[in-house]
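In order, the protein sequences belong to chains F and U.
Numbered by the working numbering, the letters in the first sequence go through residues 1 to 243 in order.
Numbered by the working numbering, the letters in the second sequence go through residues 244 to 317 in order.
Treat the hints as calculated values from the structure; they're not laboratory data.
C-beta: ideal position from N, C-alpha, C; glycine also.
Careful: at least some of the hints might be erroneous.
What the hints assert, rightly or not - Which residues of chain U face chain F? A partial, calculated answer using Cβ under 8 angstroms:
#1 Gly262
#2 Thr265
#3 Gln266
#4 Ser276
#5 Thr279
#6 Met281
#7 Arg287
#8 Ser291
#9 Leu292
#10 Gln297
#11 Ala299
#12 Phe302
#13 Leu304
As the list claims (entries may be wrong) - Distance windows between CB atoms, simulated:
#14 Phe259/U <-> Val147/F: 43 to 53 angstroms
#15 Ala118/F <-> Phe296/U: 47 to 57 angstroms
#16 Gln188/F <-> His261/U: 35 to 45 angstroms
#17 Arg255/U <-> Val232/F: 29 to 39 angstroms
#18 Ala256/U <-> Gly200/F: 23 to 33 angstroms
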Amino acid sequence: METTYSQVAVAPPISPAGSTFLRVTLRASHRSRTSRQLYGNAFRWDESVEGCSSATGLFQLALINFVLGLLDIKFSSLYIECMTKTVKPVPDDAPMTMTLDERSTWSYGILAPLTTAAYLAVVLPQLGDTAPAQIEWQVPMLVAIGVVIVGTIIGTILSAIFSAVRSRGVDTEFGSDIRDKEIDRHGQRITEIITGLGLGAVIALAMLDLDTFWIGSAALAIGAIGATWGAVVKLRLYRRSAA
Amino acid sequence: MNPSTNVSNSIRALRFAHGEMTQSALGATIGVSRQTIMAIEQGRYSPSLEMAFQIAKAFALPLDAVFRYNDPEL
């Protein structure tokens, strides 16, 4: 068992004198043969790596990188270091794994339609014997949204860990690079078009003075359609550019 | 993003000519994933101009020694 020292430092992209500097230091004791650095959202491997083989270490790195990705910290002095003794190149014929962004896309691309369908399955049957204004739709909607957010995070991390453990850490991508960002931009554009058009429908419902049940449910459904279709577009691009 | 491209490259041959450099090692040099290097190699993804220069620099070669544009009108 080797001891691996992991350190994360985060600074704003531009650090004027006296600006706040957030430093987080983590210590993880796990077996690893990795030597790598993370700049921005992209891992830059100092040398070819075999990867961390500890689920604990992988979880930490994945979680940190995911949170930093949400904060969209770029070109900063962010770095993650795993100092190790041995490195081993990843062979070209090693199984190709997904990047973290692709895993995240799969997670919410599945969860968004499922949770929205579950929400509709809970509230719509109530219309038979209950007036829309009397339907308790707020809590089911919050649960549906929460499941998508938390589920996406957990699903992405667990998927990465499972893949890394299965491949014994040979090929695990925790970062996102420029290709991920280009694909993400494309998917986001589709999502924005759909949700933008849907926003017009929601405004129309409000103008018609319909019950908030209809307005809220329509907004959720449109958001889910936009997110799902954006995810489908992204996954198609990932598959088309993959081997 | 346009996965199909008219840009071909010699990255695979150059990697092997440079000590059988792996895709992951080349990706590490320029800060992208192995998946991206593979997509570029297979002509399924056009790198940005900056990334193309970085790849050429990794092989210590000029850009046009690594990438070629195949004009579809010719």
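Hints versus structure:
no., hint, in the structure
1, Gly262, "violated (10 angstroms)"
2, Thr265, "holds (5 angstroms)"
3, Gln266, "holds (5 angstroms)"
4, Ser276, "holds (5 angstroms)"
5, Thr279, "holds (4 angstroms)"
6, Met281, "holds (6 angstroms)"
7, Arg287, "holds (5 angstroms)"
8, Ser291, "holds (6 angstroms)"
9, Leu292, "violated (12 angstroms)"
10, Gln297, "violated (11 angstroms)"
11, Ala299, "violated (16 angstroms)"
12, Phe302, "violated (17 angstroms)"
13, Leu304, "violated (20 angstroms)"
14, Phe259/U <-> Val147/F: 43 to 53 angstroms, "holds (48 angstroms)"
15, Ala118/F <-> Phe296/U: 47 to 57 angstroms, "holds (49 angstroms)"
16, Gln188/F <-> His261/U: 35 to 45 angstroms, "holds (37 angstroms)"
17, Arg255/U <-> Val232/F: 29 to 39 angstroms, "holds (31 angstroms)"
18, Ala256/U <-> Gly200/F: 23 to 33 angstroms, "violated (53 angstroms)"
Checked against the numbered hints above, the structure breaks hints 1, 9, 10, 11, 12, 13, 18 and satisfies the rest.
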